[in-house]
Amino acid sequence: MGEGLASPRPLGESRTTRLLLIGTALAFLGIFLFVPLVAVFVEALCRGVGVYWSAVTDPYAVSAIRLTLLVAGIAVPLNLSFGVAAAWAVTKFEFTGKSLLVTLIDLPFSVSPVISGMVYILLFGLQGWFGPWLLAHDIQLMFAVPGLVMATMFVTFPFVARELIPLMQEQGTDEEEAAVSLGAGGFQLFWRVTLPNIRWGLLYGVLLCNARAMGEFGAVSVVSGHIRGLTNTMPLHIEILYNEYNLVAAFAVASLLAVLALITLVAKSALEWRYGGELSRGGGS
Amino acid sequence: MADLAVTGPLSFGWRVGMLNRRSVLPGFGLSFGYAVTYLSLIVLVPLAGLMIRSVGMGPAAFWAEIASTRVLAAFRVSFATALAAAAINTVFGLLVAWVLVRYRFPGKRVVDAMVDLPFALPTSVAGIALTTLYSTKGWIGALLVPLGIKVAFTPLGIVLALTFIGLPFVVRTVQPILQDLNIEQEEAAFSLGATRLQTFIRVIFPALLPALMTGFALAFARGLGEYGSVIFIAGNIPRVSEIVPLLIVMQLEQFNYAGATAIATTMLVFSFLLLLMINLLQGWMRRRHG
Amino acid sequence: MKMTSLAGFRRGVAVVAACAALWTTGAQADTTLLNVSYDPTRELYSDINAAFIAHWKAESGETLTINQSHGGSGRQARSVIDGQPADIVTLALAYDIDAIADSGQIAPNWQQRLPDNSTPYTSTIVFVVRKGNPKGIKDWNDLVKPGLDIITPNPKTSGGARWNYLAAYGYALSQPGADDKAAQQFIRKLYKNVSVLDSGARGATISFSQRGLGDVLISWENDAYLAQQEAAADHLEIIYPSVSIRAEPPVSVVDAVVDRRGTRKVAEAYLQFLYTPEAQKIAAKWFYRPRLPEAAAAYPGRFPDVKLLTVDEVFGGWRHAQQVHFADKGVFDQIYDGGK
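Protein chains in written order, with the working numbering: chain A, 1 to 285; chain B, 286 to 575; chain C, 576 to 915.
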């Protein structure tokens with residue numbers, strides 16, 4: 001979003017129109033984005049820092065935070081590996097069925113999170129196809145960490161691939177082909193040639209994927225047993241606190257996720273600012 | 286990317302995955318195999334499981350689950366609110382994109398970054414924040430009471446939540462197109478005596494149309510499936526403010542797995558159709574702007 | 576090449592499995608019990624668990640960890656049916672435990688295994704109104720007045736809401752000359768006044784007490800007292816209607832789980848413990864009506880005598896009530912289908 005492009009032109013709108021448009025846009029964003037965000041922090045801190053601190057250091061809150069980190073810590077790297085592999089296959093090679101593959105990668109974006117949780121219950125729940133077999137082998141997938149990880153993986157599945165595909169598309173294959181002709185091996189090629197070109201887009205994809213993974217509610221709500229201290233992720237813990245008349249604590253934990261969201265946005269802006277040209281294309285999804 | 290969606294998914298036949306031409310680059314087998322295996326295990330097999338279950342129900346039983354007035358009403362609520370939210374986002378998304386691309390004002394970079402907030406903020410956090418703000422005792426809700434407007438716990442509340450969720454889609458689809466828009470056409474229109482509004486309607490708007498429609502479809506698809514933010518703010522009154530994802534959860538909680546499966550499958554079909562439409566739109570957009 | 580990719584995937588799966596294994600083994604160092612319960616029992620079981628852990632330690636020397644899960648009764652039952660390894664279920668109504676029994680995990684005769692229909696404590700349904708009762712609500716027939724705004728959760732998903740519904744229906748049936756048709760008419764008018772159907776009892780209480788929605792909340796007696804305690808600044812009053820229902824939230828061990836995990840002995844001891852004076856006192860403390868009179872006597876005036884109907888007398892048991900009123904296309908659905 002280089003500011004150079006915004007230079008005023010003779011055919012631009014009148015000053016009044018311009019101010020009016022800017023004002024309306026800012027008012028809209030203010031009411032819809034800014035106020036809700038501020039509300040989270042205000043509600044979290046309305047009884048003072050002490051209450052806030054004890055809410056986020058409560059043992060159940062801490063275990064929810066740990067579980068959220070664990071789930072994201074498994075789901076995000078796996079989705080990262082998928083995203084890189086998929087982007088490599090899609091952008092560096094021509095093959096039939098490519099657009100089908102790209103469409104399918106997008107599928108989890110438009111599937112309701114509730115459905116993404118439910119499909120795993122239908123497969124691995126006790127009434128599901130593999131349920132009895134899993135039970136016989138004493139493997140607990142649903143209502144345990146693996147279920148949370150699977151549901152999270154489904155929901156955050158496209159993020160990295162979606163960020164990388166346009167980026168790598170634009171870069172083409174010339175550099176890689178040159179490197180191959182110079183005798184570079186596969187791993188070397190990726191590490192030395194491709195990765196430096198895509199690292200910031202990759203990082204942003206991972207950040208978004210992570211934010212979504214930590215904040216997912218609908219899908220994990222279906223596969224979690226809602227056991228305090230064991231299978232409650234942060235968003236589920238927020239719901240529980242909310243249902244315990246403990247709005248301050250609910251907003252306190254919510255504020256942690258809001259901070260994570262802000263860090264994600266700041267990181268994105270910083271990356272865009274420094275490596276503008278490289279990222280801006282990817283933002284259009 | 287340019288050929289995406291132009292071919293259409295039906296023309297692929299059985300040769301999916303075959304290389305069309307030799308490439309000097311290594312790793313096709315590895316990356317393609319890994320991607321497809323992973324995709325299948327995480328997404329396709331579970332979704333296929335859902336499909337097979339509903340096929341197993343038989344058409345009559347399936348239809349009986351779907352055709353109940355309550356389910357149809359929930360679909361109506363979901364579609365209406367997602368459409369309304371996507372429409373709001375299209376109008377204001379265009380405005381925000383326009384302001385961000387064309388004008389200069391203090392704090393623009395912060396505003397630009399903030400647009401992505403709904404992508405990064407967990408939906409349930411958004412849900413409780415919006416509910417707190419817009420309930421009749423909330424900061425904004427209290428202001429609306431004298432006007433006789435109730436937002437939280439009405440369909441309006443659902444629209445509000447879905448507007449929040451879908452806000453970045455239109456902005457982020459329109460922004461790059463607007464940035465690359467050829468200014469010469471506008472200048473030509475201007476020199477031919479067109480007013481600014483005429484230029485916008487005749488020159489700029491048609492150029493942005495594919496992007497706007499793509500953004501609209503993305504916001505709509507996202508809104509249709511949204512659950513986390515809506516359940517807090519919707520009143521959940523059957524036929525009035527009950528959305529389809531909530532109904533799926535309710536069917537599960539009533540131990541009606543067949544009902545949940547049938548409704549979920551129907552939604553899945555809609556999701557897939559929307560996705561195809563979005564891909565076609567994106568293809569159109571790319572051909573327009575290359 | 577494909578083989579390599581599969582190996583990569585397997586490695587990923589192995590990592591997941593290893594992490595999961597670490598997690599579960601970490602949590603199961605000593606004996607654990609999982610009590611899957613419904614929404615408003617959080618405070619109750621948090622106290623009972625502490626008491627039972629001490630009791631069990633004294634009795635067997637074993638250190639026990641009790642994990643709790645709370646949520647709408649239907650959701651909780653669904654999770655057990657789908658494989659949530661609950662040793663004990665303490666749900667809002669017998670039908671939800673029946674549903675688990677239907678999935679084969681609990682013996683069909685579960686309700687006969689413990690005293691008092693396997694219900695160690697009861698509750699009833701009351702009204703919560705704002706301070707001074709500005710709308711003058713005294714009994715059920717005040718709720719159907721036009722323009723009143725009622726908060727009650729959704730009977731489709733909330734156990735408490737089903738008790739609310741049945742209490743109202745039972746009241747209407749008990750009126751002179753009333754029949755099912757009149758009662759359905761009454762129920763229809765009542766739900767016309769409902770503006771928010773939260774999915775759980777707690778959500779409804781929050782809507783009423785914290786969000787300031789509605790003129791009257793139909794609620795569990797215990798949750799009403801709790802809301803009154805929590806909302807000190809914004810005083811609430813509790814109104815007892817002339818007739819209400821004896822709400823019986825039953826308990827059971829989940830046979831399939833306790834036998835698999837080898838926790839039957841401690842799980843059964845836990846449920847037996849609920850009937851002891853110690854646990855009964857805790858129940859009374861958290862506003863549940865205890866079975867032991869002396870436990871209730873510790874809180875004089877807390878549990879006023881109200882004419883209480885029972886599901887068995889008025890509705891022919893839970894399965895029947897569920898079938899007629901709450902199943903798809905049941906009486907409740909018809910309210911919203913034909914009522915428009």
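Hints listed in this document are in silico derivations from the structure and should not be mistaken for laboratory results.
Each hint should be verified, as a subset may be incorrect.
[What the hints assert, rightly or not] Derived DSS-like pairs: lysine-lysine, alpha-carbon spacing no greater than 27 Å straight-line:
| id | chain 1 | residue 1 | chain 2 | residue 2 |
| --- | --- | --- | --- | --- |
| 1 | B | Lys435 | C | Lys840 |
| 2 | B | Lys435 | C | Lys764 |
| 3 | C | Lys840 | C | Lys856 |
| 4 | C | Lys840 | B | Lys422 |
Owing to the predicted nature of the structure, the values given are computational and were not obtained by experimental measurement.
Evaluation of the provided hints:
Pair hint B/Lys435 plus C/Lys840 does not hold up; C-alpha atoms about 54 Å apart against a cutoff of 27 Å. Using a Cα cut-off of 27 Å, the hinted pair B/Lys435 and C/Lys764 holds, with the two alpha carbons roughly 22 Å apart. Pair hint C/Lys840 plus C/Lys856 holds up; C-alpha atoms about 24 Å apart against a cutoff of 27 Å. Distance hint between C/Lys840 and B/Lys422 is unfulfilled; the C-alpha atoms sit about 50 Å from each other, more than 27 Å.
The structure is inconsistent with the numbered hints 1 and 4, although it conforms to all the rest.
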